[in-house]
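A.B. asks: For reference, the chains in residue letters:
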Amino acid sequence: MSDAHDWPLYEIFIRARGGLDHKHVGSVHAADVAMAIEHARDVYTRRLEGVSIWVVRSTDIVASDPADSDALFEPARDKIYRHPTFYEIPKEVETL
Amino acid sequence: MSTAGTRSPAADVATRVRYLLRIADTSLVLGQRLGEWIGHAPAIEEDLGLANTALDLIGQARLLLAYAGELEGRGRSEDALAFLREEPDYLNATLAEQPNGDFGDTIVRQFLLDAYQLELFERLATSTDARLAEIAAKAVKETRYHLRFSAGWLVRLGDGTAESQGRVQASLERLWPYTRELFDPDDTDREIAAAGIGPDAAALQAAWSARVDRVLSEATLRRPADSPYRWYGKQGRHSEHLGYLLSDLQYLQRTHPGASW
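Going down the list, the protein sequences come from chains A and B. For the record, in the first sequence the residue sitting at position 79 is 79 according to this note's numbering, with numbers rising by one throughout. Just remember that this note's numbering sits 1000 ahead of the position in the second sequence, which is counted from 1.
These are computed hints drawn from the structure, not numbers from a lab. The reader is advised that the hints may include incorrect statements.
Just a sample of chain B residues kept apart from chain A, beta carbon distances all over 12 Å, derived [stated by the list, open to error]:
1. Gly1035
2. Glu1045
3. Leu1048
4. Gly1073
5. Asp1089
6. Val1140
7. Gly1160
Heads up, incomplete: computed chain A residues facing chain B, CB under 7 Å, no partners named [stated by the list, open to error]:
8. Asp21
9. His24
10. Val28
Cβ atoms here follow ideal geometry from the backbone N, Cα and C, with glycine treated the same way.
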């Protein structure tokens, strides 16, 4: 299984059903995007998990730095009023 | 002997059973071969890809063997047919039993048979035998993916490095002679075609040939010359490789008769 180390890593996103969004499910090694789609199909849709596949080169994903977590996420911790549960919904609004 | 929902074509039952076994055994034996790759493929993703194809093929064999057993009317189940026949009773194409070799050998064998099965199943989907047509309609979808996988790899290897091209061209030369059997009709094939159950061999060959040529050209591979030698796996006369494969395949049922889970 040595050759696989030469293949870049792709992140796999699967849409479970029409109308839902693509969710990250894992990653595969592949020589290019076409092979990545086939590998994703073979690895992640064997049990009818999806109807659509997105693949993205792992190196193309830009992630937040865990060291920045305090600055990025802590300020939201004491602002629970941002959840919509604090607002009373008028009776007239039926489908919110 | 007739089965509910199935029109009775002119071909007699023994001929129809023989024809079903040819298709079933080709899928069964090829599936068994691909299963030998599990744990040995070049990458874990390919391992799963080959195993998925193997499972599709064994699924096709199950449906076809169960049908053949019912049609035959001697009380043989799909398991009895898969595990308890003797070597000359297997009627798979000789190409299917050829050893895996390296990954390129496996891809070439798979490509040649995928292209064949796709043309075959597409035609069987309109068979006068309604049950066979249903099985074929399901198998067509699976086979389209099999061919996409094997043709994709053939192009990568053929149009790859000098090393990969040389090796896969050698695989093609080695395996090509076995393709003749697929389109070399005998009395069974002719009777089946006349009854509208299966396709005409010449039409099948023309479609297969065109499909194979397109991929070979994309893969920058040379189509080997046809060889005069003929194999007759479909008549039960096999290469030396099938016996070893069957000893693996049948081991459990021979050692623990009736074992199931």
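A.B. asks: With reference to the structure, classify each hint as holding or not holding.
C.D. replies: Going down the list of hints, with the structure as the test:
no.	hint	in the structure
1	Gly1035	holds (15 Å)
2	Glu1045	violated (4 Å)
3	Leu1048	violated (5 Å)
4	Gly1073	holds (36 Å)
5	Asp1089	holds (33 Å)
6	Val1140	holds (17 Å)
7	Gly1160	violated (10 Å)
8	Asp21	violated (25 Å)
9	His24	violated (17 Å)
10	Val28	holds (5 Å)
When each numbered hint is compared with the structure, violations occur for hints 2, 3, 7, 8, 9.
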